[in-house]
Amino acid sequence: MSPNTKLPANIIEEPGDQNSRRAFMAAAGVAGLAYIAALAYPIYRYLASPSEMAMEATAITEVTLKDAQKLPAGSVLMFKFGPSPAMLIHHLDGRWISMTAVCTHLGCTVQYEPEADRIHCACHGGVYDPYTGANVSGPPPRPLKTFKVAVNETGVEVSRA
Amino acid sequence: MTTKTVAIYNWIDERLGLSELAAFARRKTVPVHSQSFWYYWGGISLFLFIVQCFTGVLLLVYYRPGAEAYESVRQITFVMHFGWLIRSAHAWAASLMIFSILVHMFSVYFMKAYRKPREFGWLSGMLLLGIAAVFGFSGYLLPMDELSYFATKVGLQIPAAIPFVGAGLANMLRGGPDVSEFTVQRFFALHVVVLPALFLPLLGFHLWLVQRHGNAIPPSEEAKPARQRKSMPFFPDFVRKDLAIWLISLNILALLASVFPWSLGKPFDPLAPAPMGIHPEWYFMSPFEMLKLLGFIFSGKYAGFGEIAGILLFTLGIVLWLLIPFYDKSKESGQRARAAHYFGLLAIFALLATTIIGYWTI
Chain W
3 MSPNTKLPAN IIEEPGDQNS RRAFMAAAGV AGLAYIAALA YPIYRYLASP
53 SEMAMEATAI TEVTLKDAQK LPAGSVLMFK FGPSPAMLIH HLDGRWISMT
103 AVCTHLGCTV QYEPEADRIH CACHGGVYDP YTGANVSGPP PRPLKTFKVA
153 VNETGVEVSR A
Chain P
5 MTTKTVAIYN WIDERLGLSE LAAFARRKTV PVHSQSFWYY WGGISLFLFI
55 VQCFTGVLLL VYYRPGAEAY ESVRQITFVM HFGWLIRSAH AWAASLMIFS
105 ILVHMFSVYF MKAYRKPREF GWLSGMLLLG IAAVFGFSGY LLPMDELSYF
155 ATKVGLQIPA AIPFVGAGLA NMLRGGPDVS EFTVQRFFAL HVVVLPALFL
205 PLLGFHLWLV QRHGNAIPPS EEAKPARQRK SMPFFPDFVR KDLAIWLISL
255 NILALLASVF PWSLGKPFDP LAPAPMGIHP EWYFMSPFEM LKLLGFIFSG
305 KYAGFGEIAG ILLFTLGIVL WLLIPFYDKS KESGQRARAA HYFGLLAIFA
355 LLATTIIGYW TI
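Chains as they are written, first to last, in this note's numbering: chain W, 3 to 163; chain P, 5 to 366.
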């Protein structure tokens, strides 16, 4: 403290002074926290923008895949359903199946293998059924979620079941 | 303090010498006199530089240099939450930082704080200002909108006018004969890697010198006997005032950035004609206008001579300004000190006059 702000010794603080000082310090503390929050909030929202946009994308219930009806039998089309990868499989028997491509074990993207007629996750060797999405072997705890598929002459519509 | 905290403090102190630092902070004082206000401007510049680092890193999170530069700035400004505010704060803090460095420089100049033993403080400070100007120039291009495209195009005509090496130098800076995505890529490297790598150690040197020599006092204070001079402790008195001024600066910055958000123009088009009223940032207005005025005086076939004369005149002025500690070095306020004082007034007049004419004739 500099000399000019030192109180003369004969001024004795009343108890009320101490109360109002405590109130002042509390108010200053609240104001300081509010100030820091006002600085931190825009920065947080700015950095969180992509994940917020992804959250909005999960609200999607339907995806139209243009010209996907031309997909040859025995092959797969990878596409994005909202924020995450999904696949549209045109089976050799003519059936159209669509399901999420995110492995239920640790989130790797799975792969359709037409020659083995299975869905395989290369990360830890999980295997799923390519018609129902059921977890067949390996570590996956749950089946892959399937979507509803509607094929028409301009494309394929995939929607939440 | 409990014995445990004392023990921890002692453990660290033994290894890092904290008590020496604390003793230094206790001993350090800052002079108090009628011109003390000017002591805060170096600190304000430092604070705004810190703001630049923070907002710059935040912009770096989404900015993509090269061909996608404009699109990424459009995203930052219009898609990401509060991206407009962070970009605006970065741009405004850049302007305010240049302004406060200029105030700091002129206050040092008129208080004659460049004299022995502070010559290196003066020289390093001038170099910091120079780097800050290049920071401003390179950062201005990064959004790659129409205005930044033409400002860079015109600005690079200045090094291009240097005899013999100019054309090659300008091509090297641009990464080709014209401003393109190659230019924005290398300006980006300059802006976020090269310039900070030069600026930070130099800033450390500058601040270390301030600690070593303390604050200079103006000649009017030097004339007083030592016991009549007043001072205040650096810690906590000066630090407290310094922080209060930083808070005020932050509030002014937040107000400017949110009330006058930085705009984003149309994407650059190398075939489009220059838009009407194109002009550089305010801190480049003076050299821009001086070159323009000399271009009027030496028109036609002497135009090239006018450009070179302008660059020479400007370079000469900067060299004289840089060398002032070696010209005006006497402690007494004699003939030379007065000449230096008038030279400073002339510099301010020339800068202000050309800047005002520049804005007047946009």
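Check before you lean on any hint, since a few could be wrong.
Ranges between beta-carbon positions, derived for each pair [unchecked claim]:
| # | chain 1 | residue 1 | chain 2 | residue 2 | range |
| --- | --- | --- | --- | --- | --- |
| 1 | W | I38 | P | L127 | 52 to 62 Å |
| 2 | W | V153 | P | A278 | 34 to 44 Å |
| 3 | P | T6 | W | L108 | 26 to 36 Å |
A short list of chain W residues far from chain P (calculated; beta carbon distances all over 10 Å) [what the hints assert, rightly or not]:
| # | residue |
| --- | --- |
| 4 | P44 |
| 5 | Y48 |
| 6 | S51 |
| 7 | E54 |
| 8 | F81 |
| 9 | T102 |
| 10 | P143 |
| 11 | V151 |
| 12 | V153 |
Derived by calculation from the structure, the hints in this document are not laboratory data. The beta-carbon is built from N, C-alpha and C at its ideal position, and this holds for glycine as well.
Cross-check of the supplied hints:
1. W:I38 <-> P:L127: 52 to 62 Å: Check failed, 39 Å falls outside 52 to 62 Å.
2. W:V153 <-> P:A278: 34 to 44 Å: 55 Å Cβ-Cβ, so the 34 to 44 Å window is violated.
3. P:T6 <-> W:L108: 26 to 36 Å: violated (46 Å)
4. P44: At about 4 Å from chain P, W:P44 fails to clear the 10 Å cut-off, so the statement is violated.
5. Y48: W:Y48 not clear of chain P: closest Cβ-Cβ about 5 Å, inside 10 Å.
6. S51: Violated: least Cβ distance 4 Å, not greater than 10 Å.
7. E54: Label violated. Min Cβ-Cβ 7 Å, cutoff 10 Å.
8. F81: holds (23 Å)
9. T102: holds (27 Å)
10. P143: Consistent with the label, W:P143 stays out of reach of chain P, its closest Cβ about 35 Å off (over 10 Å).
11. V151: Answer for W:V151: holds, closest chain P Cβ roughly 32 Å.
12. V153: Holds, since 35 Å exceeds 10 Å.
When each numbered hint is compared with the structure, violations occur for hints 1, 2, 3, 4, 5, 6 and 7.
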